[in-house]
Each structure stands twice: as C-alpha cells, then as structure tokens.
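Two chains, two frames, a set of hints: combine them into the complex.
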Amino acid sequence: MTILRKEGREKARGAAFYVDDIAFSNLLHGTTVRSSIARGCISGISYLPGVPWDEFTIVTSKDIPGKNCIAHILHDQPCLADGLINHPEEPVVLLAHPDRHVLEKARRLVQIETKELPAVFTIEDSLARKQVIWGADNLFKSLLIEKGNVDSVWAGADRIIEGEYSTGAQEQLYLEPNGMVAKADNLSGVTVWGSMQCPFYVHHALVTALGLQADKVRVIQTETGGGFGGKEDYPSVIATHAALLSLKAGKPVKMIYDRAEDLAATTKRHPSRTRHKTAVSKSGKLLGMEVDFAIDGGAYATISSVVLSRGAIHAAGPYLCPNVRIRGHAVATNSPPNGAFRGFGAPQSIFALERHMDTIAAELGIPPEELRRRNFLHQGDQTATGQVLREKPDMEGLLEKALNAAGYHEKRKAFAEANANPETRVKKGIGFSAFMHGAGFTGSGEKMLASVAAVQATAAGRIEVLASSTEIGQGANTVFAQIVSHALGIPSDWVDVVRPDTSIVPNSGPTVASRTTMIVGKLVENAALGLREVLRQSGRLGLSHTPSDFQQALSTYVREVGPLRSDSTYKQPSHIEWDDMNYRGDAYGTFAWAVYVAEVSVDTVTYETKVDHFVAAQEVGKVIHPMLAAGQIEGGVTQGIGFAIYEEVVNRSGRMANNRLTNYIIPTSMDTPRIQVIFAENPYAHGPQGAKGIGELPLDGAAPAILNAVSFATGAPIHQIPMTPEHLLRALHGAKPEGQQL
Amino acid sequence: MSAPKKISLHCTVNGEPRELNAYPMARLLDVLREDLRLTGTKEGCGEGECGACAVILNGELVNSCLVPAIQVQGAEILTIEGAANHPIAAQVQEAFLRHGGVQCGICSPGVILAAANLLSHDKAPSEADIRESLAGNLCRCTGYSKIVDSVAYAASDLKGTRS
Ligand code: FES
Ligand code: FES
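First to last, the protein sequences are chains S and E. Counting from 1, one number per residue, gives the positions in the first sequence under my numbering. Counting from 1, one number per residue, gives the positions in the second sequence under my numbering.
Okay, chain E solo, but in the shape it has when bound (with noise of 0.2 Å):
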C-alpha cells in the first residue's frame, strides 16, 4: 500500500485566497485549526453529530468534521473567523452576547454560523423555524432557549438596518 500523497488545494477562507498541502482525505476541520490555525471552529464528536464544527462551504452550512480536503478545492468558506465580516453571521454574533445565547461558548461558533446561514435564506423564522434549523447544533448549556431568543433578537435587528 502506497502512502497517500498531500495534494495543494486552493480556496478562499473568510474572503482570503489560501493555498495549501493537505492530504486529500484530511478532515476540513484540522486543516482549518491545524494548518491554517483558525481554532475557533471546535471539535465536539468528530462525527457530525454535534455541529460545533461547522462552518459555511459554498453558502452552505456543514460539518467540517465530515468533509474531506479534496472537496474545498477552489471553494469558498467562511469560519466563525470571518464571521465579524459578514453583515448576517456579526449581527447574530451581537445578538448572542446581548441575549445569553453563549454560555461555555464551545458550541457558539457552529451556532451563530447555523444561525447565520438560516437568516441569510430566511429573513423572519418562527421559533419553530430556529428550532428545526439548529437541531443539528448540540448544546448543553443553555436548554437552547436563550439561543432561540438570540437569533430571533438578530433577525429583528436585521429588518430594522434593511429596512
């Protein structure tokens, strides 16, 4: 059995062209904290089930843990990073701190980039939305109320800076 060779890869990580080696089935998520060192995206299984890993490929939200390098190959992918950047994902961020969505924060950046990808495609979710839109997103510490609450808050001051 030969061993598998790095391949370079090039993308776009939080609106910056990147190049990197990776080996072609290197999980997206250590490639983001290992080499690129962006360690706000946060393992919690490494079997997407928990969505702390998660970040926004192409416009859509996945589980970094479950995507191989060879898939970012001239993709765009926004990290919790970038997310300060990003009119949608800073709002959501803001609303987070302001309504007690962050507890241990471990969670948090999966969350408010989940969050994020549900405003950007729906500007005025029912609680029932946020809900069915975060069930991929585990948290432990907050009973998700107050991280309902957060992205409905975000959502609300959206309209107030589009309208």
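Pulled out of the complex, with its shape left as it was, chain S reads as follows (with noise of 0.2 Å):
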C-alpha cells in the first residue's frame, strides 16, 4: 500500500500551518519602498504628507546594526540601499503599521530622489563592457572546462556545425507568495518564522544583518507552499527586512509579499544565451565541441556562480566527446538578482544542446535518434570534466523505451505527411531530448557542507528525525519516515519528521540541488542504523526484530538509561575527487539519466501551440515512492513546458513590465498533456536504499524536446525560449514553409 503523504491530511483540510496564517496581538505589517531606476545614487528620501507618519516603523540603511548586506556567497548586495541603486526594484526604506491599507497608502507617498546613471540590460552588452556595474568587469564568475584538444580537430572535420541559442528569464510562481514573520527585541534576541527552503542560510543572513550572536537568532519554517529555488535565497533579504523593522518598532512584523511584488521584485531563472562550434565525422561522431555560455545574473552575485557551474558542466550532456572547451561567464545587469530555480542552470545549456544535436543530425541527414545513439556516454567514458563513469547508463535503453512509449517512429512518420499538405492548419511534431542531471552540489560542494542529520527515541517509542531540510512540497516528510521505517523495520507511521528549527535541527544544509532525499537521506538513514546499534549493543534489541520487539527496546531504553539520539555526518565516498580551480575530476557522486519525448500541434494561423502528449522516460537510482517520484516528474515537466512556450518575463529597463497573473502565463490543467511517467531503477550504491536524486531532473528534458517537436512540425529551426505566438510568428515568418528538415 503507498504510504500517504505525511501532512497531506492537514493539508487537505486547510490545517496545514502557513506563514501567512500567523497572527499576534500586536502584530503591524511590514511593506518595502523601493527605487524606480535601473542604476543611480540616492539624493534624498522625502515622506509626503497624507499619513500620519508619527504611526509608523521607519526603517532605512541607517537603522541596520550589523552589516548591510544580505550575506550569502558574497556580500555584495545590501539589505537597503546605501547611496546607491543597482535595479528598478532595490530596496530603500522599510516601513511598519499595524493596518495594512494604510500601510500601502504610506508606500506610494515616500519620495526616492535620485541621479540616474546609465545601466546595462543585457548579457551582450554587459559582456561587451557598455558600463561597468559591478567589479571591475561585470562577471560574476568565468569559467573553463577544458578535455583534449579542441583547437586539434577543426582541420580534420567532416562538418562544422554552429549555432546559438537563448532562453529567457522564468518566475518560479510557487503559488504561495515569499512571506516572514519576525519577532525581535534587543534582549532575546530574533525569532522569524516563514515560507522558505533553507533556513539556515536566512540564519546566516541574519547573524550578518543584524549583527547577533548565533545563539539569539532563531529560524522556524512554517509550511511551505512552493518553493523550486525561489525560496532558497530570497527568504533572506524579507527575514532581515522583517526583523528590522521589528526590532525597531518591539512588535512582531509580517510580511508578506502580494503576486506583483514578488513577480517584480525576486529571483527567476537566469536567461542564458549558447553558442556552439561542433566538429563531427559524416557517419556522425562528435568530434569536438566549443561551448560558449553565458547567463544574466542581474544586480548582485547571490548564487549565479554556481548556477554557472552547473550550467557548463551539463552543457555537453550524456555525450562522449574527445576534446571539450566550455566557457562560461555570468554576468551583471541591472535588472533585479537572478537565483535558484529548479535546474540551476542546467536547463539552459541542456536546451541549447539539444536543439544542436537535432541541428546536427538534420545537417548530416542522420535521424535524430540515430546520432544520439552513436554518441552516448557508457560506463568507463569520461565526460567533459574528466569524470570517469563508474555506474552503468542506460541511454540506448531509455531511449528505445521512451520512443516506443510515445509512438514516435510512427508519428514521426505520419505527421510529416500529413504537415507536408498545404491545406494542413494545425501542424503535428514529435520530438525528444536525451540528457543526464547531477545530483547533489558540484565539486567538493558536499564535503564542505559536511551535513548532518539526526533521529532520536521518544518515551513512547517513536523515532523523530531531525534535518534541516525543508518539506517543500516535493515529499520532503513522507521519504525520511520511509528511509527509517525501512532502516529500522518500523512503520513509517511511528516516525515523525520535526520541523526545521534553527534552535532544535541540525544543519543538513540547504533544500536544494536534487540533494534532499539522496544526500540528507542517505544520513538520516545512516542515523537510524547507528541508533539501532546503539539498542542492540544495550542487549535491548537482537539482531531480528519486530516493529514491537523495537519499540519496546527504544521505550525501555529511553525510561532505563536516557535519551537516546544518533547523529549522522557527511563523508564524501573516496573516490570522488574534484578540482576546483580547473573544473576537472568528479562534478557529481552520480547523475541521473532521461529521455523525453513531446508531441505537439502548432497553430498555423494563430500560432499557438499544444503539447498533446508526454513521455518522460528516466533512470534515478531505486524509487522510494513512486507516487510522489511521479508526482515530481508530472510537476517539473508542466514547469518545463511553461519554460518552452508560454511563460515569459517581459524585461523593460530592468523592470517586470508583466507581473501580474494576468499576464505572466504558467500552464493551466487545459494546456498540460497527460504525462507518461516511465521509470527504469538502477540502485546508486551511496543513496538510501539506492536513490539518486529527482527533482531538478524534469525541467531539463521538457523545453528542448518541445522545440525540437516545433521545429519538426514547422520545419524552421528555432532557437529561442519561450516560443509564444508572437515569437513563433517572427521566427516563422521568412522560414521556408516546405515542410519537414528529413
């Protein structure tokens, strides 16, 4: 029998416990006042008259104790601005009162005045230097991964294929806006409760801010409705901002963004644009690969850096090709930070790969699928950092099961025909992408988080599992009570999962990078054993038990001799080596590997087009809960669709120009296909029970499978996400309508 969903009940019933669902007595709400250009210096700050303003909490940058900055890898974007603007939506001045309505009034009636400065809105145009914004030459990071000899293979090629590719900026759109609740006085110190994936980076943030002991600063997740990276570090700048204005006012502060605002004001996606220089044999080997990629990071650093890595070291994909150069740049722009959304930069190079390969293969006149298979990496390849793969993919394998599945020699071959029909409006596509996602953070990011995580006995003879790591959504409760239960012989009813508290939980690091259920549940899992070990060397448990036989010795235990709690920590498997300083060696302890197919229809009058069908087809180490593990793929394939064709961030001067609901267009249960969900399970030796992680996974195949699908059905080659109407006209028009490119 599937195991239900730890809190589905209570969220079910409209129980379940969200940031927005606090109240106090005493509580104001807090709201933020924010700049209106792009990039200039603060002259003065005026607050008109209309309010009355002796009611209100009035927070500027004067008013932080500690640092000003929102402290996360650098600290280098301030919790208030300071004299200087970097984005349309900087933050300037914080205000306070207990009723909301007035509060807004207040907003509108506090005068920025500023010297405007000329900014840069574009990866080109900030590569290029037009204005220098940030450091000395506006990047973030660069980067190089280099195997064998590009510059060596040029010469000697059959064919060299160029092209370039874009994607756009996408809002996360968990449909529970970022929220926090802080309570702060200068005494004990600062609680703050709210919607978010990693508490400990807002502790972080606010041991910085506000300049506290760790000690006094304490971090409670409330139920998180969504998060999808963009909970992970945005959270931070509304906590500080919250217990700011709390610590001033010496009243508990809400505050909770309304949709515009936090469709304006926080992290999307990076857009990202690809070039590459692809040298391949006529029989189609590749032969060597240049990869340029570069992603727009916005105003300040938070964590493009890394979205950067992960972005180049999958921008050769599941591919085995002697010589490799990659190049990647992150770069500043004045438009608000960029930050985490699942994939992490991966989506964007793996879009632009594989509307290549399917570039390449219509050039050599190769079937698509064909010049996949003479390419995929196997077990002993190197990939493009040198990593040797221990584990055994199965490309050919998912390949073959995902296009069966889907019909798509048949189609393939039916809708080609039938598009080929002048009289055809509605034009039918097939397509697929083949990919592979790591799991966990880049590098030696694990061996420096040196996670931990922890069980403990209860009186009773339950067993409450302590992380850090959030449940977001994703199953995050229902997976941990099922690695102990099976750990332990236990049902997963007797095991509690205890809310993320800074002040109770350990730090099993942040809920990100496909990490939860494959890393923190590989040491939760390792906790439970280690505290099984504990009973049964006490002589309270043999070495076969029953779930009673075990509860009985925990409660014995806990009654005769203490509490009884067991940590686990973190340590890396020996043979991951990785070098940081030239991105080779072993990027990630293992990947998962996929194959998606997408069927669509485009409208040649209206030019919309439909995704029909689905198949997603994936090896992720062993499934611990096939329906949640579905329930993942079906969510962060819809979201891949939203990425392909319908969500797009109008960007005018830096600014949202389309933040509202109305406007910004996440798909509805109209526009998302029934999702053929296929798993293939091959156990990853260091994952609890075998698992390797799943989430970011989805969101990597869906986009290029869909465009290479429209470009099937168009016959034009298209090269830019999201492909609305308006851009499938313009890339349309002037495309030779003939039909199919094989």
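Think of the hints as simulated: they come from the structure by calculation, not from any bench. Check the hints yourself; a few may be wrong.
The calculated lysine-lysine pairs, modelled on DSS-like cross-linking and capped at a C-alpha distance of 27 Å, are [said to hold, decoys possible]: (1) E:K5 x S:K105; (2) S:K282 x S:K62; (3) S:K413 x S:K282; (4) E:K6 x S:K105; (5) S:K447 x S:K251; (6) S:K411 x S:K392.
Covered stretches of chain S (in silico footprint by chain E; criterion: 3 or more residues with CB under 8 Å from a CB of chain E, positions within the stretch not fixed) [to be verified]: (7) 4-13; (8) 20-34; (9) 470-480.
Selected chain E positions facing chain S (Cβ under 10 Å, derived; list incomplete) [claimed, not checked]: (10) G15; (11) G100; (12) L134.
Please read these numbers as outputs of a predicted model, since none were measured by experiment. Idealized CB from N, CA, C, for every residue including glycine.
Okay, here's the thing in structure tokens:
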C-alpha cells in the first residue's frame, strides 16, 4: 500500500499552517519602498503628507546594526540601498504599521530622489562592458572546462556546425508568495517564521545583518507553498527586512509579498545565451565541441557562480566527445538579481545542446535518435570534466523505451506526411531530448557543507527525524519517514519528522540541488542504523526483531538509560575527486539519466503551440515512493512546458513589465497533457536504498523536446524560448514553409 | 471624502450562522481569514487568476478575493474547513490524499472545493470535463495529472457509496 503523504491530511483540510496564517494581537504589517530607476544615486528621501507618519516604524540603511548586506556567497547585495541603486526593485526604505491599507497608502507617499546613471540590461552589453556596473568587469564568475584539444579537430572534421541558442527568465511561481514574520527585541534576539527552503541560509543572513550572536537568532520554517529554488536565497532578504522593522518597533512584524511584488522583485531563472561550434564526422561522431555559455545574473552575485558551474558542466550532455572546451560567464545587469530555479543552469545549457543535436542531425541527414545513439556515454567513459563514469548508464535503453511509448517512429512519419499537405492548418510534431542531471552539490560542495542529520527516540517509542531539510511539497517528510521505516523495520507511522527550527535541528544543508533524498536521506538512514546499533549493543534489541520488539527496546532504553539520539555527518565517498580550479574530476557523485518525448500541435493561423502528449523516461536509482516520484516528474515537466512555450518575463529597462498572473502565463490544467512517466531502476550505492536525486531532472528535458517537436512541425529551426505565439510568428516569418527537416 | 463605515452582516459559514462587522467592500477572503480566522482559504494572486481563494457561495464556486463582503449578506458559504462535513467534498479530500493530488498544499483548498463543486453537478465527469472545470485553479506543483486522477477516483468512490 502506498504510504500517505505525512502532512497531507492537514493540507487537504486547510489546517496546515503557512506563514500568512500567523496572527499576533500586536502584529504590525511591513512593506518595502523600492527604487524606481535601474541605476543611480540616491540624493534624498522625503515622506509626503497624507498619512500620520508618527504612527509608522521607518527603517533605512542607517538602522542596520550589523553589516548592510544579505549574506550569501558574497556580501555584495545591500540589505537596504545606501546611496547607490543597482536595479529598479532595490529596497530603500521599510515601513511598518498595524493597518495594511494605511501602510500601502504610505508606501506610495515615500519619495526617493535619485540621480540616474547609465545602465546595462543584456548579456551582450554586459560582456562588452558598455558600462561597468559590478566589480572591475561585470563578471560574477568565469570558468573554463577543457578536455583533449579542441583546436586540433577543426581542420580535419567532415563538418563544423554552429548555432546560437537562448532562453528567457522564468519565475518559479510557487503559489504561496514569499513571506516572513519576525519577532525581535534587543534582549532575547530574533525569531523568524516563514516560507523557505533553507533555514540556515536565513539564519546566516540574520546573524550578519543584525550583528547578533548565532544563538540569538532562531529561524522556523512554516508550511511552505512551493519553492522550486525561488525560496532558496530570497527569503533571507524578507527575513532581514522583517527583523529590522520588528527590532525598531518592538513588536512582531509580518511581511507578505503580494503577487505583483513577488513577481517584480524576487529572483528568476537566469536568462542564457549559448553558442555551439561542433566538429563531427560524416557518420555523426562528435569530434570536438566548443561551447560558450553565458547567463544573466542581474544586479548582485547571489548564487550565480554556482548556477554557472552546473549549467556549464551539463553543457556537453550525456555524450562522449574526446575534445571539449566550455567557457562560462555569469554577468551583471541592472535587473533584480536572478537566482535558483529547479535545474539551476542545466535547463538552459541542455536546451541549447539538445536543439543543437537536432540541428546537427538535420545537417548530416541522420535521424536524430541515431545521432544520439552514436555518441552516448557508457560506463568507463569520461565526461567533459574528465569524470570516469563508474555507474552504468543505459541511454540506449531509455531512448528505446521512451520512443516506443510515444509511438515516435510511426508518428514522425504520419505527421511529416500530413504536414506536407499545404491545407493542413494545425501542424503536428514530435521530438525528444536526451540528458542527464548530476544530483547533490557540484564538485566539493557536499564535502564542504559536511551536513548533519539525526534521529532520536521518544519515551513513547517513536522515532523523530531531525534535519534542516524542508518539506516544500516535494515529499521530504514522507520520504524521510519511509527511509527510517525501511532501515529500522518499523511502520512509517511511528516516525515523525520534526519541523525545521534552527534552534532544534542540526544543519543538514539547504533544500536544493536534488540533494534531500539522496544526500540527507542517506544521513537519516545512517543515523537510524546508528540508533539501532546502540539498542543492540545495550542488549535490548536482538539481531532480528519485530516492530513491537523495536518499540519496546526503544522505550525501555529511554526510561532506563535516558535520551537516545544518533547523528550522522556526511562523508564524501572516497572515489570522488574534484579540482575546483580547473573544473576537472568528479563533478557529481552520480547522475540521473533521461529521455523525454513531446508531441505538439502548432496552429499556423494563431501560432499557438499545444503539447498533446508527453513521455518522460528516466533512471533515478531506486525509486523510494513511486507516487511522489511521479508527482515530481509531472510537476517538473509542466514547469518545463511553461519554460518552453508560455512563460515570458518582459524586461523593460530592468523591470518586469508583466508582473501579474493575468499576463505572466503558466500552464493550467487545460494546457497540460497527460504525462506518461517511466522509471528504470539502477540502484546507486551511496543513496538511501539506492536512490538518486530527482527533483530538478524533469525541468531539463521538457523544453528541448518540445522545441524539437515544434521545429519538426514547422520546418523552421527555432533556437529561442519561450516560444510564445508572438515569437513563433516572428521565427516562422521568413522561414521556408516547405516542410520537414528530415 | 467620508470614511466608509462597517456594516453588520449575517451569513452561514460551514453550516454555522455568523454575525459579522465588516466594511462593505472588504474582500470576502480577508473576512474569512482575518475576522473568522478561517485561514484554510489561501491567497495566491488577489486578482481572480489562481483559484487558491475559492469557496462555494450559495452553491457556486467563487474566488473570494473578488467578492465584496456586502455580497455575502444572507449567503451560505462553504470553505475548506467545512469540507469534511460535506459528503462530496469529504470524499474529494480523501481521494486527493490517497492519489497524490496534494503536494505543497497551497492550491489544495481551492482545488478540492472546485472539484467538489464539479462532482455536485456531474457525477461522472470525463477527463476533459475535469480539466475544464479546474482551469481556474492554478497548481504549480503537480502538473495536474494526479489532481485529475484524484477527482476521477473521488467520482468513482462516490458512485460506490451512492449506488
Ligand atoms: S487569490 Fe483569489 S484568485 Fe488568486
Ligand atoms: S500542490 Fe502546490 S500549488 Fe498545487
């Protein structure tokens, strides 16, 4: 029987407690006054008449007791602008008041006088240093991955094929907007409740900006209505703002962004531009790949450097190529900072590669599936970073499963015939993508994090899991309970997952990078086994036991000996070696592998694209909870459909012009096809029960599969997403209408 | 300009008669969440686009962020908190729990009420009917497949209990 989602019943009853559900009798509401220009200097702030200003708590950069920054990888992002403005949503003043409506009126009455400076809004302008707006050269990070000698292959290659591909910004659009409640005073410190993925990131930011001791800051996650990366780094901003207001007011402060503010001001997926130059033999063997990958980080560094790393490492895909050079740049522009979004750079670079592979296939006159087959990575092969694959990927098997399930060959033939008829208004297409996704932090990230998770016994004979990994809808609570249940031979109902609270749980790292099940889940498994060992050694548990033996042993131990807790700290498997200077070695402990197939209809009159059917085949190690896992894939694919054809962030001078749900369009139940999910299992030795990470994978493959299908349907090579009707009209205008690439 | 005055309202919420004092143009969403502390109704957009705030008002599904308080004078309102006592909605809740219709849960109150509303009018909806009736409820987590399945299971469970 399927194990039910742990917190599912409360959610279905509307009883789950989210941040906006918090009420205190003396609660104030907080709001942010932002800049109106993209770049410039602040010359003054005035508070226009119209509200009783003496009723307000007002915070500016002068009220920050610690360091004026949102501490992340770098300390470049101010908590509140102090003189300089670097993007149009830069926070300048914070206000708090008991009445939300009066507060909103006041926000509009704060006038920030500025002197404007020239700004930069595109990757190309930033790379060309039209203005230097960040550091010495606008570069948050540059990197180079080299394998073999790509310069040696151009002269002898049968064909050299080039292409340029781009992807747009994308909003995570968790349905619960960002929000925090803070309660602070000078004596006891600050407690923050909120919607978040990474309690210890928020903790670190608060300690830095408030100048408090670590033990004076407590961060508690409330039920979180989706994250997808969008609640990785931004919650630190709101938490710090709410805490500053609360500190000054001496009362609790709630800051909940409305949708318009959340869309305008919070992080998005990095827009990207990728150039490919590929040397191939006539038979379709990849001889050399040169990739130039650039992403737009917005005004501050946030986590752009790591997004760039993941994107660049995935840029060569699941293919064997002896000579590879990948250059990556993360550049600054005067838009609000971009940040994490499920896939974290990989959906961008994989879109480019998988469109490029179809382009190569068309140029060589080889079927796209055959081109892939001739180049897939196998056990023992070396990836672009020189990682020797210890595991045994079976991309051929996944390809066959996915294409068969989709009826790919028959449909491709039938669609080509139907599309060739000039009378056909709705052209049909089918296309696929092949890809892999590294789970866990890149390179030595996990080693440096050295995460800890724990389990402890209760007097009632139950087990509690202690970890800072957050349940954000993905099913972390359920999977942790299931891992403990499996390790200890007890029902998962006897396992409780403690709500993340930095004063209670150990730091098991952030809830990102598809690491929760694979990395933290393994720690939970080890901690559980450690606890069992203590019981065995104490003589209270035999080598084999029934669930009730276990419960008995547990409660006797607690009664007779005292508290029983077992911690487990991450130890990197000894074979993993990574050289961060040269981007060489084992970029990830393991990869998930996948082939996705999309079937689309393109209306040649309205230019609307619809995804009619979707097959997602993947190998993700052992699947722990099939229903939750399939839910991850279906949700991720749907976000990928949005990324491909619906979701466009219209950037006007650095500001999102369409920051409402009426004009930022995400897929509805009517726009989403049935998604057929296929799992192939190949247990991973270092994951709990053999599981690998899964969360980000589905975002990587949907968009290229869809655009390969659209290109097949229209006969036009389309290299850019989101491919909305307006863009499709432009792309097709001038494209040869006479049919198929093959 | 004279400040608007609160008016007294009476209505039935989840079967219980309630007396309220609210500004006539206050959003029903805020009246439910703040005055009645029924926080199961959620706000996802505040402009009628997402359905997270959906409730059933006099037998019809409405987005409570768009309904002014004055409109609920004498009305009967069903929110997610009352769903467990509503034969159809309760079955839908159970199906969502068993078939993966709930992930982060923020859309669930609205989606469950929308589905209950559909099943009150149509006992055996097709997949297309289900998708159509949920088109006003955005979900960013599930990709809708498991939501659609949950509604279909709820329909067949109800048929079992009805026949
Ligand atoms: S909050 Fe009412 S429809 Fe979105
Ligand atoms: S379950 Fe998260 S929005 Fe639907």
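Query raised in the report: Which of the listed hints are broken here?
Result: 2, 5, 6 and 10
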